[in-house]
Amino acid sequence: MNIEVRLCPKEQSFILHNIYPLYLHDIAEIWGVRPNRFGVFEKEDVPTLSEQTKQLDVWWEQPSVLFPYLISVDGIAAGLALVATTPYIPSPNIQYYLNDFFVLRTFRRQGVAQRAAELVFDHFQGAWELQTNPTERNMSTQIFWRKTLNTYTGGRYTEHDGVHPEKGDMLVFRFNNK
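Numbers 1 to 178, taken from UniProt numbering, label the letters of the sequence shown in order.
Because the hints were derived from the structure by calculation, they are not lab data. Any given hint might turn out to be false.
[Stated by the list, open to error] Here are the simulated DSS-like pairs of lysine-lysine, each with C-alpha atoms no more than 25 Å apart in a straight line:
#1 LYS147 with LYS167
#2 LYS178 with LYS147
#3 LYS10 with LYS54
#4 LYS167 with LYS54
#5 LYS54 with LYS43
Using the sequences and the accompanying hints, generate a full structural model.
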């Protein structure tokens, strides 16, 4: 199995636009989010998936600040990783923020997500942060990040409760891979 993580060029942004609604659907259960009146998992009254995914376009507007990664397995789109830098980081003293990370269910429990996360982290050396839902509904993700970060950092990561300015209570993981 060949797992790759590469920056997604603007001309292929439609691939991430295809994956993004699946990601929102997947995390809706964890966050207790219901679709809007048009069946779109979005807070605003966005009527179509096409309109919703236009919000992703910001990831290609600032190429030295925002980094949209496509995860692929054997040449097939398998997920996404969105990495942000200042000013899009919710905490001080952090250089890289894993804003979103998602692997399609078809590729889960095969080591794809862990390897993809490691490859994403290897793109940038420095102080990292990622956050996830702290509730029991999200235990599998919490276990995944603990295992992945423990392996990647040799146990040199921190974990604490925090608050995201838009999302509320979060479980915050930090590490430095410099």
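Each hint, compared with the structure:
1. Among the hinted pairs, LYS147 with LYS167 is consistent with the structure: their alpha-carbon atoms are about 24 Å apart, no more than 25 Å.
2. Our distance criterion of 25 Å between C-alpha atoms is met by LYS178 and LYS147, whose separation comes to about 20 Å.
3. Straight-line distance between C-alpha atoms of LYS10 and LYS54 comes to about 12 Å, which keeps the hinted pair within the 25 Å bound.
4. Of the pairs offered as hints, the one joining LYS167 and LYS54 holds, with about 21 Å between alpha carbons and a cut-off of 25 Å not exceeded.
5. Note on LYS54 and LYS43: the hinted pairing holds, with a Cα-Cα distance of about 14 Å set against a maximum of 25 Å.
In summary, this structure violates none of the numbered hints.
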